[in-house]
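Trainee: The lines below spell out each chain.
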Amino acid sequence: MSRFQYPPNIEIVRVPCVSRVNPLFILRSLQHGADGVLVAGCYPGECNYSTGNLYARRKLLMLKSYLEYLGLEKGRFQCAWLSSAEAERFVKIAKATIESVRKLGPAKKLVRNKFNRD
Amino acid sequence: MEKIEEKIREIAGKLLKDKKVKLIIGFEKGTLPLKARPTFVRKPEEVEKLIWNPFCENNLAVYIPFYRRYLDNGESIGVIAKGCDVRSLVLHIQENIAKREQIFIIGIPCEGILDRKRIEKEAFPGEITEASEKDDKILVKGNGFEKTLKKKDFLCEDCIVCSHRKPVVYDELVEGDVKETEAADRQNQIKEFESKEPDERWKIFTEEVSRCIRCYACRNACPACYCKECFVDCSKPQWLGTTVDSETDLQLFQIIRTFHLAGRCVNCGSCNRACPMDINISLLVNKLSVDAKRLFNYETGIDVNEKPVLNKYSEDDSNEGFFEEH
Amino acid sequence: MKDSLKSIKHIEKDKLSEFIKQLRKDFTVIAPRNVKDFVLFQELKADEEPYLDFLNSRQSPKEYFFPQTENIVEYEGVTDKRVPIVTEKQMRKRIIFGMRPCDVTSLSILDRLFVNEDYVDNYYKRLRDNTLIFGFGCSYPRMTCFCTSFDSGPFSTKGTDVFITDSGDTFIIEGITEQGKKLIEKLLDGDKKLLKTKSEIEKKALDSITTPPNVEKIPEKLKGLFENPVWEVISERCLGCGVCTYLCPTCHCFDIQDEVIDNKGRRVKNWDSCMFPIFTLHGSGHQPREFRFQRMRQRIMHKFNYYDENFDIIACCGCGRCVTECPVNIDVREILRTISEL
Amino acid sequence: MKNPYIPIPVKVDKIRFETDDRLIKTFDLVFFDKEDEKEFKYFPGQFAELSILGKGESPIGIASSPTETGFLRFTVMKVGVVTTALHNFDEGVTMGIRGPLGNWYPIEEMKGKDVVIIGGGFAFTTLRSLLVYMLNEKNRKDYGNIICIYGARTPGLLCYRDELKEWEKRKDMSLYQCIDWKFGPKGPVEEPASEGWEPINLKEPSMTKIKPGVKKFTAFVPQLVSAVKPAAKDAYAIVCGPPIMIKFTIPVLTELGFPPERIFNSLENRMKCGIGKCGRCNIGPKYVCKDGPVFSLKELEKLPKEY
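Chains as they are written, first to last, in our numbering: chain E, 6 to 123; chain W, 35 to 360; chain U, 4 to 345; chain C, 45 to 351.
Here chain E stands alone, though its shape is the one from the complex (with noise of 0.2 Å):
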């Protein structure tokens, strides 16, 4: 990954496994000013713990399809499938992230910048 540039406006987490990400860490990075969630894992078959991602994707995707019901914009939180072998995949995706996110402008809901209600 190291020989690849990747853009600067990412804050990398890691985690042991995707299964470690608690929808709560999702939530509070929305709530905490990030414009956009990415969670990225190993490929379904491929798990280092044979199978915490597929666990992880049940959880995934009915938070993706609950949040997006409410009304968060599509492309808040975006997942995605990827081996740690791909650096390439990695940038191309990080930059799909980023193009998309912009896209939807500064983050407005969920967000928690000011302490009273107007």
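By construction, these hints were calculated from the structure, which means they are not laboratory data.
Worth double-checking, as some hints may not be accurate.
The list that follows gives simulated cross-link-like pairs (lysine to aspartate or glutamate, DMTMM-like), each with its CA atoms no further than 25 Å apart [stated by the list, open to error]:
| hint | chain 1 | residue 1 | chain 2 | residue 2 |
| --- | --- | --- | --- | --- |
| 1 | E | 108 | W | 354 |
| 2 | W | 262 | U | 239 |
| 3 | W | 63 | U | 337 |
| 4 | W | 155 | U | 120 |
| 5 | C | 85 | U | 265 |
| 6 | W | 270 | U | 265 |
Since the structure of chain E is already known, use the hints to place chains W, U and C on it.
Mentor: Chains W, U and C only, in chain E's frame:
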């Protein structure tokens, strides 16, 4: 109704006499019109107070985690359970709160629970001081006011779309047969909401939750919410702000609590009925059940030997919405 | 007598909005509003009329004196170097319009806790000092009302500045305090007949509160009941939510929490409830009130015994909100009867 | 009028580890403003809310004595959010303090009487305050015999060890110390410690013959109290420690003849406001923060057992 009540008392009395169960959880008459309330029977002579009517709105499975001390001692608990209560009990069994043989399910085929709040609003701004029900009608009286209402117009939102009115698992089934609802009708509220624009949906959602006073009645009335430490009470790490004047904390509370019920909610509507600020929580949680069915063809609380939907996987699960190369 | 007559006025119902408009010039007016077919006290929008055709509001107006979230310290700066910003914000005077006598009574109960010789809660005092109360007689008490069990009643004017009675086509308006009298001096003068009308309405209302529990001996009685098994029976159906305490006009327990966004922060008072286990959980993990019955006992004891012992008044005003809104129909009137029969 | 919720700014002047498990630190705080210091008048047994803006507040007993001027001392165990933040502090940072709060040990009432101080573990903080106060040359003559019995799980968990060494040497008081277990390289070892710590008769502690000059034992605090047998006549007992220690010490004191009105306890409950408003620390009608934390056994007997 009387017949059902008689039967309940007979079964309950016998269970207690034979010492098959330590306790029976059922309903008794409440102190207000339109209200029945949970009751706990330990002696055979007390079964007379057990009642059954369409005002029995609570999901009695919520009490099972409170009686861990009984369950740990290997004792059994009897529950008078309608369709949704049974499914919550199944969930408890799936999640190892209790063993199947420790819960004696007295199943009641349910014709739907009446929406007390909606009936009360018929009298708004006045109040209902007397209510009775017979066949398909409800008679309500108030100060200088009397009305006969049709039951089918005042069923709870969740009961209208209920898919399992008849208990799916039981040890004794109280007589009576009910017709299940048509599958097509089950998503009324959801479909209508989905047809709106995202920003409109977000606005409605925000308006609803902005009334939240964080009394956590929804959480405590929910049979699936039995975590020892709820994420809202957690201080290390503190997941959520504690105030009510920050809109996003209220949104987050509702999103996360309901998402915690993904594939675990049986759509009993207890949270809705418990909410003192009339927040439409069903609108949120019902979507999760619809999704569980759509994405994984799963319904909560049907089979005691099955695992909850997020505790299992299939290699063929959809990759809907995952990044794809163009 | 002459003077007291002077303070009785009346106003035709369709003139009310004009009167409120006048009030709004100098005051922020908080009044009942219909929110989705239930009533809450909220600030009136421009030209909005209060919704006075109500029994009682879902939530008590307590939140305007003891807000659910209230800043106590605001601060700035990065970690370790934060300094409080002390600003004395000007507060516009307020009127709570149409407050029911039970809720007014609750303020006199809260006063004894928040403003006493030990410590004064400046935040509560400031909101209290800057607010005038327009009480509103209860012509139709709810079936769950039991204000007459306490030192109050559906037409008790105690604690109000102005008192309003709905007499059908007009509102009878009485000035109770000097400040209140001054506010209504421009209204039409009333006469003795109005007083008679009022007492008739009052009598009808009083008659409709049929079986208020007798609480006179409850504080004394509770003293010996701490270890009584009755608490487990009373609390068995309790779900442990905070509805009763959050809707109660006299419940006053709170939590103090800090919140930081970037380099700004605040310390707030948040409502808290004795029905939540975390309320008393020690840092060490020790839990003095582990079971639901202990928490229920605390709530009842606090209201009907401890508060009476400390402040010589029972911390209940009989509004009945906990009765109507409890998800499992735990009825405090029933509890009081059970206790007095023990 | 002074706002009781606003913390007074103080500087964290000195920080040091107090115990070998590194979970307890002692902090010396210094006021920025001399006026604030003058106004902060306290007595042994009172506590204060240590306030870290952005984290919260934590009620901690004041370990320094009013006779020591120029600083306030607090000994804090790392438990929750606030205390962890406190432990991560460097010397020199600014924080806040609210207080002094609560009542204090009966220093007036005890004048002319013997005093037995019994402490366990890190709850010794306010007892240190009391001891230092009474040992002060101005105050020492006001009190009779002073006996202090202090125990911890291991020698390394005793607080204020430098001061303990000085108190051991003093002629105008007797200090008895005890420890529960020996401390091995891998943690506590389940056998009584021996080196320098005399065993006592565990079955019949009161039968133990204490050799003159021996003042360190391997025992639990209640057992040591019953071995030392402090005279109850005209004496006060001040007990502060973990609930289990208090539970077993009280009967020993009663047996020795201490009446309930001369046994004092310092209690602890979850607190927030510290001024009797927020409603969580009550035991019956009494608030630990306002009416306590010091209660006589006589008062406690009247209160429900809910702590």
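Trainee: Taking the earlier hints as the rules, which of them does this structure contradict?
Mentor: 4, 5
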